[in-house]
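Visitor: Chain by chain, the residues:
Protein chains: 2
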Amino acid sequence: MDSKYLLPIKENLDRFIGNDFPINEIKKSVSDAKIEKYSPNEYFICAGETNRKIGFVIKGLFRVFHTDMEGNEYTKNFRSTGHFMSSMAALLLTAPSRLNIQALEYSEVVCINYDRILQLADQSFLWQYLLRKSAEADFLEKEQRESDLLYYSAQDRYLNFLEKHPDWEERIRQRFIASYLGMTPETLSRIRGKPAPRN
Amino acid sequence: MDSKYLLPIKENLDRFIGNDFPINEIKKSVSDAKIEKYSPNEYFICAGETNRKIGFVIKGLFRVFHTDMEGNEYTKNFRSTGHFMSSMAALLLTAPSRLNIQALEYSEVVCINYDRILQLADQSFLWQYLLRKSAEADFLEKEQRESDLLYYSAQDRYLNFLEKHPDWEERIRQRFIASYLGMTPETLSRIRGKPAPRN
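As they're listed, the protein sequences go chains A and B. Position 174 of the first sequence, counting from 1, maps to 179 under the numbering used here, and the rest follow consecutively. Position 41 of the second sequence, counting from 1, maps to 46 under the numbering used here, and the rest follow consecutively.
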């Protein structure tokens, strides 16, 4: 794999473990990785599908969502350049994915084999540590979102979102943002119509 | 610590790692642990509090819940004999707890110092592996619950709950069960009034 893809992966992993993640270890994990290109609306993962892949977004933006029995969609999160994405529960349970991951714009992804990572972790304290940190981060992301829905008003959630991801509002459809923030598109429109000062 | 407490902890950890967890390692982790007793309604952890403890329930039952700004309570889960409990997000972030853990009945807990576990994990592949498996299980529990709320009807969620925890219905107040299952107490009453056959 072209070494230009290694550096952004290393940057992400360094942040995860709060230390230098050796580039040689990263090379081992991506020895059979592939670069995949996605047009807008193409799926990286479809609900019902069983696969063993983790994506690292080199360029672009994806939406992670559930669809319930009535066909209603629930946006769980978004994944952009420099971040990993997968159907983690499906990987951990070796089960079909319950969620969908769909490109919102033209995107490029390093597609890594999760079983390759598991093999590395079998023998390595460092990879074991990375998988721990990664699972803790996944847990925290969900926990934080759950309690944000309880502790922050719809308006504050929207303002936090803007602050964290200033460019996403232009790149993501209103109804996906509303779904992600746990409000109706009408509530989001109302809030956007009258942005209140933060203080 | 009395060795009678070690065996149930070992049973839990064996299950987590899917293998034999050496009793000597467990002894290291509980060298400064304390046995604590809780009367009904007493708190193991209060929201706003900062602490570094993990509880292992030797006997009894606890409710884990959030309280929102209006004072409404949201039951996240329950922890019973043979299981660990903590405010994991607070431990990971070294921050005040956002959740409460309250005894529902007379309970006994082995109170373990999380920082002791982190020290052990610094030097041990096995403890690193356990922390990874534990974080993955925490993540899966949340993920599963989130998607159960989307994919199962209120009635199916209640029947799954009964099947998984046949004794909890007698031990837990209706309104806590309703909150945990994501329905109003009225919906739960209605469902309980006419239990439908599963097939």
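Careful: at least some of the hints might be erroneous.
[What the hints assert, rightly or not] 25 angstroms max Cα-Cα, derived DSS-like pairs, lysine-lysine: (1) B:LYS81 with B:LYS9; (2) A:LYS138 with B:LYS64; (3) A:LYS39 with A:LYS58; (4) B:LYS15 with B:LYS33; (5) B:LYS15 with A:LYS147; (6) B:LYS9 with B:LYS42; (7) B:LYS81 with B:LYS64; (8) A:LYS169 with B:LYS147; (9) A:LYS138 with B:LYS81; (10) B:LYS15 with B:LYS58; (11) B:LYS15 with B:LYS32; (12) A:LYS138 with B:LYS58; (13) A:LYS138 with B:LYS169; (14) A:LYS9 with A:LYS32; (15) A:LYS33 with B:LYS39; (16) B:LYS33 with B:LYS58; (17) A:LYS15 with B:LYS58; (18) B:LYS147 with A:LYS138; (19) B:LYS138 with A:LYS81; (20) A:LYS147 with B:LYS138; (21) B:LYS81 with A:LYS147; (22) A:LYS32 with A:LYS42; (23) B:LYS15 with A:LYS138; (24) B:LYS33 with A:LYS147; (25) A:LYS64 with A:LYS169; (26) B:LYS64 with B:LYS32; (27) B:LYS15 with A:LYS81; (28) A:LYS147 with B:LYS42.
[Unchecked claim] Simulated DEER-style distance windows between Cβ atoms: (29) A:ASN82 with B:ASN77: 49 to 57 angstroms; (30) B:ASN77 with A:ASP172: 55 to 63 angstroms; (31) A:SER158 with B:LEU11: 45 to 53 angstroms; (32) A:GLU75 with B:ALA142: 25 to 33 angstroms; (33) B:ASN77 with A:GLU191: 42 to 50 angstroms; (34) A:GLN124 with B:ALA142: 15 to 23 angstroms; (35) A:GLY76 with B:LYS169: 44 to 52 angstroms; (36) A:ASN17 with B:ILE28: 32 to 40 angstroms; (37) A:GLY23 with B:ALA142: 17 to 25 angstroms; (38) A:ARG197 with B:PRO27: 40 to 48 angstroms; (39) A:ALA100 with B:ASP161: 15 to 23 angstroms.
Simulated from the structure, these hints should not be mistaken for lab results. Built from N, CA and C at the ideal position, the CB exists for glycine as well.
Visitor: Decide, hint by hint, whether the structure agrees.
Guide: Structure-based check of all given hints:
{"no.": "1", "hint": "B:LYS81 with B:LYS9", "verdict": "violated (30 angstroms)"}
{"no.": "2", "hint": "A:LYS138 with B:LYS64", "verdict": "violated (31 angstroms)"}
{"no.": "3", "hint": "A:LYS39 with A:LYS58", "verdict": "holds (10 angstroms)"}
{"no.": "4", "hint": "B:LYS15 with B:LYS33", "verdict": "holds (13 angstroms)"}
{"no.": "5", "hint": "B:LYS15 with A:LYS147", "verdict": "violated (29 angstroms)"}
{"no.": "6", "hint": "B:LYS9 with B:LYS42", "verdict": "holds (16 angstroms)"}
{"no.": "7", "hint": "B:LYS81 with B:LYS64", "verdict": "holds (20 angstroms)"}
{"no.": "8", "hint": "A:LYS169 with B:LYS147", "verdict": "holds (24 angstroms)"}
{"no.": "9", "hint": "A:LYS138 with B:LYS81", "verdict": "holds (23 angstroms)"}
{"no.": "10", "hint": "B:LYS15 with B:LYS58", "verdict": "holds (18 angstroms)"}
{"no.": "11", "hint": "B:LYS15 with B:LYS32", "verdict": "holds (10 angstroms)"}
{"no.": "12", "hint": "A:LYS138 with B:LYS58", "verdict": "holds (19 angstroms)"}
{"no.": "13", "hint": "A:LYS138 with B:LYS169", "verdict": "violated (30 angstroms)"}
{"no.": "14", "hint": "A:LYS9 with A:LYS32", "verdict": "holds (12 angstroms)"}
{"no.": "15", "hint": "A:LYS33 with B:LYS39", "verdict": "violated (44 angstroms)"}
{"no.": "16", "hint": "B:LYS33 with B:LYS58", "verdict": "holds (16 angstroms)"}
{"no.": "17", "hint": "A:LYS15 with B:LYS58", "verdict": "violated (33 angstroms)"}
{"no.": "18", "hint": "B:LYS147 with A:LYS138", "verdict": "holds (17 angstroms)"}
{"no.": "19", "hint": "B:LYS138 with A:LYS81", "verdict": "holds (23 angstroms)"}
{"no.": "20", "hint": "A:LYS147 with B:LYS138", "verdict": "holds (17 angstroms)"}
{"no.": "21", "hint": "B:LYS81 with A:LYS147", "verdict": "holds (13 angstroms)"}
{"no.": "22", "hint": "A:LYS32 with A:LYS42", "verdict": "holds (21 angstroms)"}
{"no.": "23", "hint": "B:LYS15 with A:LYS138", "verdict": "holds (24 angstroms)"}
{"no.": "24", "hint": "B:LYS33 with A:LYS147", "verdict": "violated (32 angstroms)"}
{"no.": "25", "hint": "A:LYS64 with A:LYS169", "verdict": "holds (18 angstroms)"}
{"no.": "26", "hint": "B:LYS64 with B:LYS32", "verdict": "holds (20 angstroms)"}
{"no.": "27", "hint": "B:LYS15 with A:LYS81", "verdict": "violated (36 angstroms)"}
{"no.": "28", "hint": "A:LYS147 with B:LYS42", "verdict": "violated (31 angstroms)"}
{"no.": "29", "hint": "A:ASN82 with B:ASN77: 49 to 57 angstroms", "verdict": "violated (25 angstroms)"}
{"no.": "30", "hint": "B:ASN77 with A:ASP172: 55 to 63 angstroms", "verdict": "violated (35 angstroms)"}
{"no.": "31", "hint": "A:SER158 with B:LEU11: 45 to 53 angstroms", "verdict": "holds (48 angstroms)"}
{"no.": "32", "hint": "A:GLU75 with B:ALA142: 25 to 33 angstroms", "verdict": "holds (30 angstroms)"}
{"no.": "33", "hint": "B:ASN77 with A:GLU191: 42 to 50 angstroms", "verdict": "violated (23 angstroms)"}
{"no.": "34", "hint": "A:GLN124 with B:ALA142: 15 to 23 angstroms", "verdict": "holds (21 angstroms)"}
{"no.": "35", "hint": "A:GLY76 with B:LYS169: 44 to 52 angstroms", "verdict": "violated (28 angstroms)"}
{"no.": "36", "hint": "A:ASN17 with B:ILE28: 32 to 40 angstroms", "verdict": "holds (38 angstroms)"}
{"no.": "37", "hint": "A:GLY23 with B:ALA142: 17 to 25 angstroms", "verdict": "holds (23 angstroms)"}
{"no.": "38", "hint": "A:ARG197 with B:PRO27: 40 to 48 angstroms", "verdict": "violated (57 angstroms)"}
{"no.": "39", "hint": "A:ALA100 with B:ASP161: 15 to 23 angstroms", "verdict": "holds (19 angstroms)"}
When the structure is compared with the earlier hints, violations turn up for hints 1, 2, 5, 13, 15, 17, 24, 27, 28, 29, 30, 33, 35 and 38 and for no others.
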